[in-house]
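Protein chains: 2
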Amino acid sequence: MKLSINRAAFIKALNTVSRAISSKTTIPILTGLKLSADVTGLVLTGSNADISIETTVQIEDPDNQLVISEAGNIVLPARFFTEIVKKLPMETLTLEVSDNFQTKITSGQSSFEINGLDAGNYPHLPEIDTNDSITLSADIFKEVVSQTVMAVSNQESRPILTGVHFTIDDNSLMAVATDSHRLSQRKVVLDQPVNGHYDFVIPGHSLTELTKMIADDQTNVTLLVTENQVLFMLGDTMFYSRLLEGNYPDTTRLIPTEFDTRIQFDAHELLASVERASLLSHESRNNVVKLTIDPDQQIVTIYGNSPDVGNVEEAMEPRSVEGNQLEISFNPDYMKDALRSFGQTNVNIDFTSPLRPFTLMPSEDGESFIQLITPIRTF
Amino acid sequence: MKLSINRAAFIKALNTVSRAISSKTTIPILTGLKLSADVTGLVLTGSNADISIETTVQIEDPDNQLVISEAGNIVLPARFFTEIVKKLPMETLTLEVSDNFQTKITSGQSSFEINGLDAGNYPHLPEIDTNDSITLSADIFKEVVSQTVMAVSNQESRPILTGVHFTIDDNSLMAVATDSHRLSQRKVVLDQPVNGHYDFVIPGHSLTELTKMIADDQTNVTLLVTENQVLFMLGDTMFYSRLLEGNYPDTTRLIPTEFDTRIQFDAHELLASVERASLLSHESRNNVVKLTIDPDQQIVTIYGNSPDVGNVEEAMEPRSVEGNQLEISFNPDYMKDALRSFGQTNVNIDFTSPLRPFTLMPSEDGESFIQLITPIRTF
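The listed protein sequences correspond, in order, to chains A and B.
Numbering-wise, the first sequence is residues 174 to 552 according to this note's numbering.
Numbering-wise, the second sequence is residues 174 to 552 according to this note's numbering.
Don't read these hints as lab results, they were simulated from the structure.
Here are some chain B residues pointing at chain A (derived, C-beta under 8 Å):
no., residue
1, 256
2, 257
3, 262
4, 282
5, 284
6, 286
7, 445
8, 448
9, 449
10, 452
11, 456
12, 483
13, 484
14, 486
15, 488
16, 489
Using N, Cα and C, we set each Cβ at its ideal position, and we do this for glycine too.
Taking the hints into account, I'd like the entire structure generated from these sequences.
As structure tokens, this is what we get:
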């Protein structure tokens, strides 16, 4: 392999595939990145147990200043090679692989020789044996992920809960995540109906990395889903993630359909109050804040308490209060995550009883987005 | 104690004294910050084993919106109290201390009660029994510190070397730091001559915190030096640091007065080359780069090597090369620290032999600033 390339374009591609590369992998060759040069361009690949990323530096784009004098493949130490490329002195660099996978990197007067590995030993990318693709608006997809992924479980005890459950039918997409203490569900009506029925669970970590890679100027993302892999196509970049195996629990019956008490708040104002109350609950062994709701007086009060440090009390300003009087306790961190996902809007919070889960929904168009939180028994 | 105060002004003062407060102290009351209110204003104090900071929120400045209804003192948990003040909802807050050091903090509808401590148990600030003050330009002082403090030792085995040694005589100030592998010495001619002779060693950590506190609009810093304390006066803020005890070694004889080989470089260009070479030396067990100097060919070449990863070689572009041929090895991190402290300028690097310390000086006005580095024997 022998080529020269624009350094900035190369760094961009290196940063993209580096998202999939971990120095902590147990498979040594996966600490490397694979380079493959042929007539169409230079393909970079990075991979770990969950995700693989492949991106192409196109030969036809003149900005890439890509000249391939000799096709070939090599695997180079990813972190180290990326650092070298970032620090090279000139606008372009040349890369030349000689016998024994020795790779020479030159730029101006600077010349590195580093030890590469045989690309023949690098694992193959997953095979995607389907042509049925789903195309989603990039903005909507990012929003759906950001509104659900915070509710996935961090516990490996029930692996299926570490992912977001997607179901797609005709022109409706539903995404659900739950760690069994809270749940987030988002529904979207698709512009372009899809053929067939899809039901799959993508690991939360994969989704977090993926959404970081979707540039602001990206209009659409296209998915190909197989039995145990999903491929996202983002322009010159292919993002593969494994799917989680097993049956995702039926979450629809968890969401209450009625309420006895409803309060309405500006999400940002309520968030600020919960943040203040959680300052004290965080100092306490059990991280709990309490809400008392008095519909007669139209008063909602929040309390936080730490035996060591002190306590906080705040009479809040609801937009409205209806239904029965109630006193309920919950983990303020779940509430903060939920409220942050709404942005600047009014939310309805619907309660049935002090020990039953309660829901948060936007006051307008509530059906499309529901956050559910399980309260904590304190008596 | 009872007062109300502008929240932004209070947060600024809290951030200032928080620099001195560590949660890891062995003296529990020092995790707190002391508040003292009297007719002139509100005084905040934070302290640890090395430094104490005292700042005053002046009652006469209308921006502070400070109204003191009742004088008094209290010690409050620093980190926690600061977080509360930052999150309060309104522009002002009120603070009221009741019996048992219970402190009520209110702002709008939000009301915190936290447990304070008796300010009578808070340690007294060091006594500064001198009136002889030294006034320095704030910019010059910050520059002197930044050019020397990186050379202080991190090892507690010789405590005196963990500080910067200042000597002041008439209108000359000299600052020196060394960890015995490298040395940095800066000399300054003072605008205002001082009375008497000063010789003291300030801990490096204290200087680092201090320079962070000197605002860009600060013209001067004023020092008062006693046998074991130094006080810096910065407007409304007093910064106390203990001085290191013991005799600082005589460093003047360490600096070579002659050279056999001199190379001149643009500091930024040389820094970039050393950074590239150190990418490889950092992967190696002994972190060493090698320089070969050929005055006949006017060539200077830098080499880095790691048995596992590979090697780098770069022919650099010196401004000039004079004297004898030389091959010398050194720790590139010392060289990087030294070069960064010069900024954008030409530097002379003067060598005598492969095992003797070499110096870096600005090509113009070299006397005022010298960096010295001890080479490493590799043969």
